[in-house]
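Engineer: Listed below are the residues making up each chain.
Protein chains: 2
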Amino acid sequence: MQQQISVITLGVGDLAVSRRFYVTGFGWTPVFENDEIVFYQMNGFVLGTFWKPSLEKDMGRTGLVAPGAFSLAHNVPAQDDVAAVMERLVEAGGRLIRPADAPPHGGFRGYVADPDDHAWEIAWNPAWAIDDRGHVTFGL
Amino acid sequence: MQQQISVITLGVGDLAVSRRFYVTGFGWTPVFENDEIVFYQMNGFVLGTFWKPSLEKDMGRTGLVAPGAFSLAHNVPAQDDVAAVMERLVEAGGRLIRPADAPPHGGFRGYVADPDDHAWEIAWNPAWAIDDRGHVTFGL
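Chains as they are written, first to last, in the working numbering: chain C, 1 to 140; chain A, 1001 to 1140.
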């Protein structure tokens, strides 16, 4: 089977509030949106922000909770970008979880929650290559 | 800012149980592993399965819960692949959430939870292109 993930779908409570965070905070552009979902074309896959009751209906189970045991990371090209991006995200409706500092494994990172308490790590990791299409390659 | 996600990190309770699901169920190969984390190189980004207490420590907050309000999707090339992949995932330690059927928006899909109750949608969506490197493009 392909080593491939096609979509990351986040359950959201208010599509407009979530959209503001992603469009204003990250500066991303939706590729499709209706009154239930907003899709963003990402680096080799698709991000969806889906009204949580609709996600639960599609999944066939209710009781999805936050904060879930996961995080998403957006890596930036320079150490100084980390705090700057985190500040933009907070201005766009995010909430600071952990201020940026240097973890034991190297680099520099902090965490911001999106309006639905989904965690975003903003990280500078010089060992992981990012090409001009945004494709990220693991490195040591 | 690049429209880019670098890492999806899932919090897991037992690395070996999680590894069995991803390696045996999906057939994926880790690019790195130690006693705290397993990384998989994916289609333009990296998937990490991180021991949940270590994820909470890195994030600077405890109390991450499941099932979180999100899902990941793995799209397959043919409708008949959906149930076959779901069966493999259940044999590898997953749990059926929703048997495969046709959603109102088209295609065919079902949901399986990984051993940590993270939801995977297995989907056939002929409108979304998947190239030979596994890169997925939104389509209508």
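These are computed hints drawn from the structure, not numbers from a lab. Think of the CB as a built atom: it goes at the ideal place given N, C-alpha and C, for glycine as much as any other residue. Treat the hints with care, as some may be off.
Chain A stretches covered by chain C per the calculated footprint, using a threshold of three residues with CB under 8 Å from any CB of chain C [what the hints assert, rightly or not]:
| no. | stretch |
| --- | --- |
| 1 | 1024-1038 |
| 2 | 1056-1064 |
| 3 | 1068-1078 |
| 4 | 1090-1096 |
| 5 | 1118-1129 |
| 6 | 1132-1138 |
Partner residues aside, some chain C positions facing chain A, computed with beta carbon under 10 Å [said to hold, decoys possible]:
| no. | residue |
| --- | --- |
| 7 | G13 |
| 8 | L15 |
| 9 | A16 |
| 10 | V17 |
| 11 | G27 |
| 12 | T29 |
| 13 | M42 |
| 14 | L55 |
| 15 | G60 |
| 16 | N75 |
| 17 | Q79 |
| 18 | A83 |
| 19 | F108 |
Engineer: Would you check whether A16/C satisfies its interface hint, that is, whether its CB is within less than 10 Å of any CB in chain A?
Structural biologist: violated, 17 Å
Engineer: Interface hint check: M42/C, Cβ to nearest Cβ on chain A, cutoff 10 Å. Holds or violated?
Structural biologist: Holds: closest Cβ of chain A sits about 6 Å from M42/C, inside 10 Å.
Engineer: Any CB of chain A closer than 10 Å to the CB of G60/C?
Structural biologist: Nearest chain A Cβ about 4 Å off; hint holds.
Engineer: If you look at each residue in the stretch 1132-1138 of chain A, do at least three have a Cβ nearer than 8 Å to any Cβ of chain C?
Structural biologist: Held - the stretch 1132-1138 of chain A has 6 residues with a Cβ nearer than 8 Å to chain C, which meets the minimum of three.
Engineer: Using a Cβ cutoff of 8 Å, are there at least 3 residues of the stretch 1056-1064 of chain A near chain C, or does the coverage claim fail?
Structural biologist: holds (count 6)
Engineer: Can you verify the interface hint for L55/C: is its Cβ closer than 10 Å to any Cβ in chain A?
Structural biologist: Holds, about 7 Å.
Engineer: Cut-off 8 Å, C-beta pairs, minimum 3 residues; does the coverage of the stretch 1024-1038 of chain A by chain C stand?
Structural biologist: With 6 residues closer than 8 Å to chain C, the stretch 1024-1038 of chain A meets the three-residue bar; holds.
Engineer: Within the assertion that chain C covers the stretch 1118-1129 of chain A, do at least three residues meet a Cβ-to-Cβ distance smaller than 8 Å?
Structural biologist: Per the Cβ count (6), the hint holds.
Engineer: Go through the hint on Q79/C and say holds or violated, using the shortest Cβ distance to chain A against 10 Å.
Structural biologist: Cβ of Q79/C sits 15 Å from chain A, so the hint is violated.
Engineer: Hold the hint about V17/C up to the distance rule: shortest CB distance to chain A must be less than 10 Å.
Structural biologist: Nearest chain A Cβ about 14 Å off; hint violated.
Engineer: Verify the coverage statement for the stretch 1090-1096 of chain A against chain C, using a C-beta to C-beta distance below 8 Å and requiring 3 or more qualifying residues.
Structural biologist: With 0 residues closer than 8 Å to chain C, the stretch 1090-1096 of chain A misses the three-residue bar; violated.
Engineer: So, as I understand it, the hint says G13/C touches chain A; can you test that by seeing if any CB pair is closer than 10 Å?
Structural biologist: Hint holds; G13/C Cβ to chain A Cβ min 9 Å, cut 10 Å.
Of the numbered hints given earlier, the model fails hints 4, 8, 9, 10, 17, 18 and 19; all others are met.
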